[in-house]
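The whole structure should be built from the sequences, with the hints applied where relevant.
The sequence shown begins at 1 in UniProt numbering and counts up one residue at a time.
Hints in this document: simulated from the structure, not taken from any laboratory. Yeah, the Cβ is synthetic: ideal placement off N, Cα and C, and Gly gets one too.
Here are the computed distance ranges between Cβ atoms for each label pair:
hint: 1; residue 1: Ser213; residue 2: Asp43; range: 35 to 45 Å
hint: 2; residue 1: Gln261; residue 2: Gln241; range: 22 to 32 Å
hint: 3; residue 1: Asp42; residue 2: Trp129; range: 22 to 32 Å
hint: 4; residue 1: Ser213; residue 2: Glu254; range: 18 to 28 Å
hint: 5; residue 1: Arg279; residue 2: Pro111; range: 28 to 38 Å
hint: 6; residue 1: Asp206; residue 2: Gly50; range: 39 to 49 Å
hint: 7; residue 1: Ser259; residue 2: Gly132; range: 44 to 54 Å
hint: 8; residue 1: Ile275; residue 2: Phe40; range: 37 to 47 Å
hint: 9; residue 1: Pro49; residue 2: Ser213; range: 25 to 35 Å
hint: 10; residue 1: Arg114; residue 2: Arg218; range: 17 to 27 Å
Using 20 Å as the maximum straight-line C-alpha spacing, the simulated SDA-like pairs for lysine to any residue come out as follows:
hint: 11; residue 1: Lys235; residue 2: Gly192
hint: 12; residue 1: Lys151; residue 2: Val267
hint: 13; residue 1: Lys235; residue 2: Val194
hint: 14; residue 1: Lys151; residue 2: Met103
hint: 15; residue 1: Lys235; residue 2: Ala203
hint: 16; residue 1: Lys151; residue 2: Gly231
hint: 17; residue 1: Lys235; residue 2: Val249
hint: 18; residue 1: Lys235; residue 2: Asp206
hint: 19; residue 1: Lys235; residue 2: Tyr185
hint: 20; residue 1: Lys235; residue 2: Val208
hint: 21; residue 1: Lys151; residue 2: Val82
hint: 22; residue 1: Lys235; residue 2: Ile193
hint: 23; residue 1: Lys235; residue 2: Glu66
hint: 24; residue 1: Lys235; residue 2: Val207
hint: 25; residue 1: Lys235; residue 2: Ala195
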Amino acid sequence: MSRELPAHIAAALAGNTTDSAGRPWAGRDLSGDGNPLHNFDDDDGQADPGYSAAVRALIEGTGGEEQVIQALATARVFIPIVAQLAAAGEGVDGIEADKEADMALVTLRAPDGRAALPVFTSADRLAAWHPGARPVAAYAARAALAGVAEKAELLVVDPGADFTFVVRRPAVWALAQQEPWTPCYRDPGLRGIVAPISAAEEAILDVVLEPGSGVAARTAGGSLVSGGGAGPELKMSVRLQPGLSPTAVRDLVERLRASLQARREFVERVDSLEIRITR
1 MSRELPAHIA
11 AALAGNTTDS
21 AGRPWAGRDL
31 SGDGNPLHNF
41 DDDDGQADPG
51 YSAAVRALIE
61 GTGGEEQVIQ
71 ALATARVFIP
81 IVAQLAAAGE
91 GVDGIEADKE
101 ADMALVTLRA
111 PDGRAALPVF
121 TSADRLAAWH
131 PGARPVAAYA
141 ARAALAGVAE
151 KAELLVVDPG
161 ADFTFVVRRP
171 AVWALAQQEP
181 WTPCYRDPGL
191 RGIVAPISAA
201 EEAILDVVLE
211 PGSGVAARTA
221 GGSLVSGGGA
231 GPELKMSVRL
241 QPGLSPTAVR
251 DLVERLRASL
261 QARREFVERV
271 DSLEIRITR
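Next comes the structure, spelled out in structure tokens:
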């Protein structure tokens with residue numbers, strides 16, 4: 001699907017002939033480190049080396065998701081823009097107006113129904129995915145802002161490539177705000193949020209937080225990677241007292257979910273949750 005471009009992406013594509021002061025662009029040298037308008041003068045279109053190294057470490061099992069997001073925070077990515085043909089309308093004096101092609105931001109639909117913004121680490125990967133898309137270079141933080149503006153909760157990095165990394169909602173927000181990010185299953189503060197909620201239920205004996213079943217992803221070749229997936233991110237194993245009826249267990253789980261969803265700190269840190277009951 002596609003939507004109207006966010007303002008800063010539209011500005012990057014605009015064909016204005018003068019600046020805001022009316023001074024013509026023609027004949028002006030906009031290159032060089034001192035120019036704030038062009039951060040990618042010498043860009044060769046290849047993937048950021050730091051991000052590539054972080055992904056390679058993740059695949060090899062020597063790095064984690066937090067290192068991938070940390071590298072992505074300073075990386076340049078390409079956002080795909082496509083032409084969207086507008087329907088012809090009635091022009092002056094009843095004469096039909098010509099159709100116009102507007103540029104639109106591409107979004108995807110995740111398996112759980114959420115909107116996702118695809119971004120690419122290289123121009124070649126974008127062209128292989130969609131030959132007709134126009135690449136717009138931006139730092140990942142700006143791409144995250146574009147995703148937030150489009151109500152996309154996920155960034156999908158390099159869809160269709162040998163390895164696709166899904167940036168979840170809390171990490172998208174962290175990128176957009178240029179703040180550090182820690183996976184919730186490694187967040188030491190999350191236990192302090194969960195503990196008083198679980199303590200309020202007398203039937204709960206213990207709660208263990210660990211990576212969910214959807215954290216892992218696979219390469220195009222089928223190799224399992226401990227990160228980059230889009231499924232359940234956090235698993236909460238809840239040990240209960242014996243003797244509870246199925247109805248009592250179901251009601252307890254519903255109360256637990258409702259209490260967690262009511263805690264803003266929990267919702268901001270956790271993208272998706274699965275609860276596993278043990279006896």
